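Asker: Sequence:
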Amino acid sequence: MSRVLVAIHYYGQGYRFDYRKNKKLAKPEKNQRWIRVNGDYILINTVNHRILRVVPG
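Numbering (numbering that gives the first Met the number 0), first residue to last: 0 to 56.
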C-alpha cells in the first residue's frame, strides 16, 4: 500500500475545518486534524502528514 501525504501548505488556517460543523465528520483524535480541500473533507495526521480518511463534500 502506498502512502499518500499532505503538502505542508494545506496546514494553514484557510484549510482547517471544524468537524462540529458537519455531522458526517468524527472528532479527530490526538495529532489529527480535518482540512477542507476542493470541497472535500480530509482527515490528516499532523505528525507524519498521512491522509487517514476522505469524506466527499
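Careful: at least some of the hints might be erroneous.
[What the hints assert, rightly or not] FRET-style restraints, in silico, Cβ to Cβ:
1) R2 <-> K22: 16 to 22 Å
2) V54 <-> G13: 17 to 23 Å
3) D39 <-> R2: 17 to 23 Å
4) G11 <-> L51: 28 to 34 Å
5) K22 <-> N47: 16 to 22 Å
Hints are computed from structural coordinates only; laboratory data are not their basis.
Note that the coordinates shown come from a computational prediction; the quantities given were computed from them, not determined experimentally.
Virtual Cβ for every residue (Gly too), placed ideally from N, Cα, C.
Asker: Next step is simple, just say for each hint if it's right about the structure.
Answerer: Hint-by-hint comparison with the structure:
For the pair R2 and K22, the beta carbons lie near 29 Å from each other, so the given range of 16 to 22 Å is not met. One distance hint, 17 to 23 Å for the beta-carbon pair V54 and G13, holds here, with the actual separation near 19 Å. D39 and R2 have their C-beta atoms about 19 Å apart, which keeps the hinted 17 to 23 Å range intact. The given range of 28 to 34 Å is broken by G11 and L51, whose C-beta atoms sit roughly 19 Å from each other.
In this structure the hint that K22 and N47 lie 16 to 22 Å apart at CB is violated, the actual value being about 28 Å.
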